[in-house]
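Asks: No gaps in the numbering here: position 169 of the sequence shown is 169 in the numbering used here, and each next residue is one more.
Below are the DSSO-like pairs computed for lysine-lysine, each with C-alpha atoms no more than 30 Å apart in a straight line:
id : residue 1 : residue 2
1  : K141      : K155
2  : K258      : K155
3  : K276      : K289
4  : K299      : K284
5  : K276      : K294
6  : K12       : K49
7  : K155      : K268
8  : K155      : K284
9  : K171      : K208
10 : K200      : K182
11 : K134      : K49
12 : K299      : K155
13 : K294      : K157
14 : K202      : K182
15 : K16       : K141
16 : K266      : K211
17 : K182      : K258
18 : K284      : K294
19 : K139      : K35
20 : K171      : K182
21 : K299      : K157
22 : K8        : K49
23 : K266      : K157
24 : K171      : K187
25 : K128      : K35
26 : K281      : K208
Since the hints were derived computationally from the structure, they do not count as laboratory data.
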Amino acid sequence: MHCVVCDKTIGKSGYKIQCRKCDGWAHLNCTNIAKDDIHDKKKIDWHCKQCRDSSTSALEEELEEEASLREKLDRCIKRRQSQIYEHSPSTQDMFKKLLKKIEGLEEAMSFNNEMVEGMRSSLDELRKENKSIKTKYEKLKIEIQELRQEVTVLKEKNAATDIEADLNSRKRNIIISGVIDKNEIVKVLENLGINDAGIKVKQIPTNKPIKPFVVTFSSEETKRNALQNRKSRGNLNSANMNLGGTERNIYLSEDLPKTIQELLRKAKELRESGYKYVWSKEGKVFCRKEDFAKVLRIKNIQQVEELQQQSVNT
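Input sequences plus hints: build the corresponding full structure.
Replies: Structure (structure tokens):
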């Protein structure tokens, strides 16, 4: 079914109200009725605009019919009066009594007209009041929307500040996976040309048989050198790192906050959309479609979805 106010479909859920006259339905938000009245189960005698307008038209038609009837009656009385004065005095007395009754009827009709005019005036006032309330309501809707936008912006700013603070606390860290202990970490770093006696190592608790480690370097520069040297070596494993034992892969990556990890994971889906490169650097996520294409910074998941859609359309 459709709303008699906005003509949009009314869903099964949500608040709605029925016109008492035509039985049509409307969204509660399209009327001036509060949700609290619905919750309190108050009996609400609500009429849609079309029914209210038709009621006013009916009153106006009734007034016009009464005025026409009075005019016809006056003409008839004048004709009969001229005829009766030609007859006997008794007939004239009867006519005078009849005139008094007619005057009484006219007074009653006049009173009725005054009542109708009063009702019409009250209806006009209600319309003006309703228009004023509607204007205020629309203004409040705009103000609420603006406040929601401000809250969203503040939330985004706070989230960005929190992420930046988290990144600063990790700016000297990397994650190493596939190593057993600190001795193997030192060997891997030495093979990559990194000698930092001041490194700190902390194992990350997981359900994996070989748990990853957070490695904190003495400086950001040492951390950057470790990641850069790792790129030049290709795939790392226990064999080419001279660790011995069963061969296993070794991975080095940035220590990223959870939100950036999720963004990077989502961005890697762009490879299925034709993007050749997706990577992170110093807490930021980037992508590039081909070797000489422009590098794009990925700031949020919505941007990833837009790039995916663009690839589908092209």
